[in-house]
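> Sequence:
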Amino acid sequence: MTEINAYLDGALNDRERAEFESMVESDPDAKAMLAQHRQHVEELHRLYDPVLTEEVPPKMLELLRKRNG
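Everything in the sequence shown is counted per the numbering used here, starting at 1383 for the first residue and increasing by one.
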């Protein structure tokens, strides 16, 4: 599973990526698992990426400023 995440994150080097893609192409179960993981990642981005552009609530900023003094 770690290798799938690394692949989807673009964290594999060229050799690792080629080996992974070759393995996936030759294994229908691995191909299905990769498709499922890719779908989950896309869904997570769809759900949570909008949060990245939200303003931080003033009360939270105030608390963080007090904490970091």
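Bear in mind the hints are in silico, worked out from the structure with no lab data behind them.
Among these hints, one or two may not hold up.
[Said to hold, decoys possible] What follows is a set of in silico ranges between Cβ atoms, one per label pair, in the way DEER data are often shown:
hint, residue 1, residue 2, range
1, 1426, 1450, 27 to 33 Å
2, 1450, 1429, 39 to 45 Å
3, 1396, 1419, 32 to 38 Å
4, 1395, 1433, 28 to 34 Å
5, 1413, 1451, 50 to 56 Å
6, 1410, 1433, 24 to 30 Å
7, 1412, 1434, 49 to 55 Å
8, 1391, 1446, 37 to 43 Å
9, 1420, 1442, 31 to 37 Å
10, 1400, 1424, 19 to 25 Å
11, 1397, 1437, 41 to 47 Å
Note that this is a predicted model, so its numbers are computed, not measured.
Where is the CB? At the ideal position from N, CA and C, for every residue including glycine.
> Each hint needs a verdict: does it hold in this structure or not?
Consistency of the hints with the structure:
1. A hinted range of 27 to 33 Å for the beta carbons of residue 1426 and residue 1450 is consistent with their spacing of about 29 Å.
2. Distance hint check: the CB atoms of residue 1450 and residue 1429 are about 30 Å apart, inconsistent with the given range 39 to 45 Å.
3. Between residue 1396 and residue 1419 the beta carbon distance is about 21 Å. The supplied range of 32 to 38 Å is therefore violated.
4. For residue 1395 paired with residue 1433, a C-beta distance near 31 Å keeps the hint of 28 to 34 Å intact.
5. Distance hint for residue 1413 and residue 1451: a CB-CB separation of about 53 Å, consistent with the stated range 50 to 56 Å.
6. For residue 1410 and residue 1433, the Cβ-Cβ distance of about 36 Å falls outside the hinted range of 24 to 30 Å, so the restraint is violated.
7. At roughly 31 Å, the beta-carbon separation of residue 1412 and residue 1434 lies outside the given 49 to 55 Å, and the hint is violated.
8. Restraint check, residue 1391 to residue 1446: a C-beta distance of roughly 29 Å breaks the suggested window 37 to 43 Å.
9. The given range of 31 to 37 Å is respected by residue 1420 and residue 1442, whose C-beta atoms sit roughly 33 Å from each other.
10. At about 23 Å, the beta-carbon gap between residue 1400 and residue 1424 stays in the expected band of 19 to 25 Å.
11. Against the hinted window of 41 to 47 Å, the Cβ-Cβ separation of residue 1397 and residue 1437 comes to about 44 Å, which satisfies the hint.
Consistency note: the structure conflicts with the earlier hints numbered 2, 3, 6, 7 and 8.
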